[in-house]
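Number of protein chains: 2
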Amino acid sequence: MSDTFKGKGASRRAFLRGSVAAVAGAAAAGSARAATPDPLITEVQDWASGFGAPVDDAPYGLPIRFESDVVRRNVPWLTADTISSINFTPIHALDGTITPQGCAFERHHSGAIELKKEDYRLMINGLVDTPLVFTYEDLERFPRENHVYFCECAANSGMEWAGAQLNGAQFTHGMIHNMEYSGIPLRTLLEEAGLGAAGDLSDKWVYVEGADASSNGRSIPMEKALDDVLVAFKANGEALRMEHGYPVRLVVPGWEGNMWLKWLRRIEVMDGPVEAREETSKYTDLLADGVARKWTWVMDAKSIITAPSPQMPINHGPGALVITGLAWSGHGRITRVDVSKDGGKTWETARLARESETKALTRFYLDTEWDGSEMLLQSRAIDETGYVQPTKAQLREIRGLNSIYHNNAIQTWHVDSNGEAENVEVS
Amino acid sequence: MSDTFKGKGASRRAFLRGSVAAVAGAAAAGSARAATPDPLITEVQDWASGFGAPVDDAPYGLPIRFESDVVRRNVPWLTADTISSINFTPIHALDGTITPQGCAFERHHSGAIELKKEDYRLMINGLVDTPLVFTYEDLERFPRENHVYFCECAANSGMEWAGAQLNGAQFTHGMIHNMEYSGIPLRTLLEEAGLGAAGDLSDKWVYVEGADASSNGRSIPMEKALDDVLVAFKANGEALRMEHGYPVRLVVPGWEGNMWLKWLRRIEVMDGPVEAREETSKYTDLLADGVARKWTWVMDAKSIITAPSPQMPINHGPGALVITGLAWSGHGRITRVDVSKDGGKTWETARLARESETKALTRFYLDTEWDGSEMLLQSRAIDETGYVQPTKAQLREIRGLNSIYHNNAIQTWHVDSNGEAENVEVS
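Chains as they are written, first to last, in full-length UniProt numbering: chain D, 1 to 427; chain B, 1 to 427.
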């Protein structure tokens, strides 16, 4: 007899303890709904007595109409113009770790451009032995790798610095997605051009820019460029969406999303950083004393409870409750996630759905019992470096209140006795 | 100095050996395209001098129009009616391992039905202590798991038994997809109903059926039901597509796709199999002597080269070439994939993109050089049990020519000197 039969069955607890409807007529010990005959069970339904829809007219299948609220959201007042805007992943409604491209957040600085593979060119110039221009077909001939990584906007949760602002995990933490990328290590392309001319690489940088009007140029130290950066052309198996940089984008694992150049056009090897607009006037962190932190690239360990949450209230009474959410770290793997129901006074260790991958989203679950009383839900991520996700108070003590970027503080949801949740602060 | 700087650069080989365009004016040793100034580089393009499109009008982003051929395909003549039909994943155009739901193959027996979560009921009855009926909300309260699994139709590659029939990996091997599922172990729900009444579980079965008119009922031995079967409601993070069984389907890892019940309605614990239509007249394998094999559930180790392939010809001349494809096994992990360029006379071991997950697609690459002469490309998968994917001749010797299902034979693509590929047989 196989292992699957050993010590199981009666020894396991029943989760819903008879609150599930027993079939009419059957012994229904303590069932809350046993007495009610259910027409959905007792009567033949239309969908069981006739044909459904053929699928041959859906070459690319879309979500069913009942899920029309599980979409990216744009907050009109967050940016001055839709041509330079951002939208949010509906993380409250998702499970698992993979983000479908169709509902994956994206940020653009001058709109999403349509760039054919045939028109695509990638230049590598500067301190290289031979400046090169790659076509898309050229890129397809290099050895490629597959990795799952999260991409988080530096401004994710930025509105929360000043206090509880946005009511919903999609809006407070939805500037993030997690996809399986297929691409070429940037190292490989830099070596194709030849780095001999650059001499000692330890003090060299690359400047990367996109083909859109904003170009969004950023400087990346050579050590990162030669480490795990990818020149990627597929996400979750298929071509990148236009708004995610079709046909080629940069993947900079663990680092802020604005460095993940879309419509990647040029990579220049330089002897120093450019100090471009997007790394001076933007994407720096103004501290309380007026000094601005720069080169704050890595996204520190962070987590969020996606359900229950303001957009996902508890839809049942006391008893079995699944609390779930996401955790991630730009420094590597998530080793533990704790959940608090009392605003951080006491903590329980959550279950990680799968072993954490480096610089990727990790799904956690706390399978618990709800007594029907109000809760102050929080989650706290710990990564492989031992770093513990800070409270808002701890973060403000060091960083002040002027920042927009890199808010990885613990988030609090107040859940009332009706199961409704809202974004709150705890002192 | 970090590891990333050690022994790199000049020591690495150049892949395209100067066949990439050198920038005009730069030293272009042996570059085939150096002499041609490229207006896409020398002239400012429209997409770099104006705004792109805002994205706020795309709450659910679709593939860019240039990828309109990367879609599921239905082959009208393969089934008598579109109401009982199948379509194919465009595996030739994908990379990595995840299949987006939008282009993931599906098979339906009486059309795809629209079933609201509010109208969803799952009954567990038969030899259980308390027959139960679960609503969708009930299911959300049970502990759930996340796993990536492949789902392959038993008929995948079925047309190829009689010889090379369909010209394209999408059509010969596209009845497969690979997604990250979130769901509840079936074991948990069976134990909620209580298995005490079933007595010795080692000879018990479950009968599962869907809410559509076909119901597509199948019998599953209890050992599998208590092992790794999931009652799933999310794939790649989001709700199942209607055609994939929204809101709830069964996931039966490693076993033929027709057992992955869609619109899952009922699970009955029984003291034997039902021998239903879909497991007697269908989904059995007729051998040469007229005997039909039944209960052939597991999908044996198999692989396919997705590029180059008939739909993905080589689009460049001799030199660096990436040969890539997918491998999988219903018995567990893929441990090795070999690639042959000469119809199986000699073999090279391919590179696995990531460590293989059990019962999931594994991406392989062979980074090689093409001399421009014709090739007979084959791939051969080996799984953790030591099983080696068979040749067509080996499979026919045992199974004859009457079968439709469970063809996991090695596939051959003939590539001519122009890089065009076609489906052929080698004796």
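Don't read these hints as lab results, they were simulated from the structure.
Keep in mind that this is a model prediction, so the values were computed, not measured.
Treat each hint with caution, since some may be false.
You can't tell identical chains apart in this list, so a pair holds if it fits in one copy or across any two.
Unchecked claim - The calculated DMTMM-like cross-link candidates involving lysine to aspartate or glutamate, where the alpha carbons are at most 20 Å apart (straight line), are:
#	residue 1	residue 2
1	LYS117	ASP46
2	LYS204	ASP81
3	LYS204	ASP271
4	LYS117	GLU137
5	LYS345	GLU223
6	LYS392	ASP200
7	LYS204	GLU425
8	LYS204	GLU275
9	LYS282	ASP300
10	LYS392	ASP285
11	LYS204	ASP227
12	LYS282	ASP46
13	LYS116	ASP38
14	LYS116	GLU43
15	LYS392	ASP228
16	LYS117	ASP38
17	LYS116	ASP69
18	LYS116	ASP46
19	LYS204	GLU374
20	LYS116	GLU145
21	LYS345	GLU114
22	LYS116	GLU384
23	LYS204	ASP119
24	LYS282	GLU397
25	LYS117	ASP69
Against the structure, the hints come out as follows:
Taking identical chains as interchangeable, the C-alpha atoms of LYS117 and ASP46 lie at most 20 Å apart only when they sit on different chains, with a minimum of 15 Å there against 47 Å within one chain. In this assembly of identical chains, LYS204 and ASP81 lie within 20 Å of each other by CA distance neither inside one copy nor across copies; the values are 36 Å within and 63 Å between. In this assembly of identical chains, LYS204 and ASP271 lie within 20 Å of each other by CA distance solely inside one copy; the values are 5 Å within and 71 Å between copies. In this assembly of identical chains, the alpha carbons of LYS117 and GLU137 lie at most 20 Å apart only when taken from the same copy (8 Å versus 45 Å across copies).
In this assembly of identical chains, LYS345 and GLU223 lie within 20 Å of each other by CA distance neither inside one copy nor across copies; the values are 41 Å within and 44 Å between. For a Cα distance limit of 20 Å, the shortest separation of LYS392 from ASP200 qualifies neither inside one copy, at 41 Å, nor across copies, at 55 Å. Proximity of LYS204 to GLU425 under the C-alpha cut-off of 20 Å is found in neither arrangement, the shortest distances being 43 Å within a copy and 54 Å between copies. In this homomeric assembly, LYS204 and GLU275 come within 20 Å of each other (Cα to Cα) only inside a single copy, at 14 Å, whereas the closest approach across copies is 69 Å.
Taking the shortest Cα distances, LYS282 and ASP300 sit within 20 Å of each other inside one copy (19 Å), while across copies they are farther apart (54 Å). For a Cα distance limit of 20 Å, the shortest separation of LYS392 from ASP285 inside one copy, 16 Å, qualifies, whereas the shortest one across copies, 63 Å, does not. Taking identical chains as interchangeable, the C-alpha atoms of LYS204 and ASP227 lie at most 20 Å apart only when both belong to the same chain, with a minimum of 14 Å there against 54 Å between chains. Taking the closest pair of Cα atoms, LYS282 and ASP46 never come within 20 Å of each other, the shortest separation being 57 Å inside a single copy and 26 Å across copies.
In this assembly of identical chains, LYS116 and ASP38 lie within 20 Å of each other by CA distance solely across copies; the values are 16 Å between and 55 Å within a copy. For the homomeric pair LYS116 and GLU43, the shortest alpha-carbon distance between copies (16 Å) is at most 20 Å, but the shortest distance inside one copy (54 Å) is not. Taking the closest pair of Cα atoms, LYS392 and ASP228 never come within 20 Å of each other, the shortest separation being 31 Å inside a single copy and 41 Å across copies. Proximity of LYS117 and ASP38 under a CA criterion of 20 Å is satisfied inter-copy only: 15 Å between copies versus 56 Å inside one chain copy.
For a Cα distance limit of 20 Å, the shortest separation of LYS116 from ASP69 across copies, 14 Å, qualifies, whereas the shortest one inside one copy, 31 Å, does not. Proximity of LYS116 and ASP46 under a CA criterion of 20 Å is satisfied inter-copy only: 13 Å between copies versus 46 Å inside one chain copy. For a Cα distance limit of 20 Å, the shortest separation of LYS204 from GLU374 qualifies neither inside one copy, at 55 Å, nor across copies, at 44 Å. Proximity of LYS116 to GLU145 under the C-alpha cut-off of 20 Å is found in neither arrangement, the shortest distances being 23 Å within a copy and 40 Å between copies.
When the C-alpha separation of LYS345 and GLU114 is checked against a cutoff of 20 Å, the pair qualifies neither within a copy, at 51 Å, nor between copies, at 46 Å. Taking the closest pair of Cα atoms, LYS116 and GLU384 never come within 20 Å of each other, the shortest separation being 41 Å inside a single copy and 42 Å across copies. Taking identical chains as interchangeable, the C-alpha atoms of LYS204 and ASP119 are never at most 20 Å apart, the minima being 30 Å within one chain and 61 Å between chains. Within a single copy, LYS282 and GLU397 get their C-alpha atoms no closer than 22 Å, and across copies no closer than 68 Å, so neither meets the 20 Å cut-off.
In this assembly of identical chains, LYS117 and ASP69 lie within 20 Å of each other by CA distance solely across copies; the values are 14 Å between and 33 Å within a copy.
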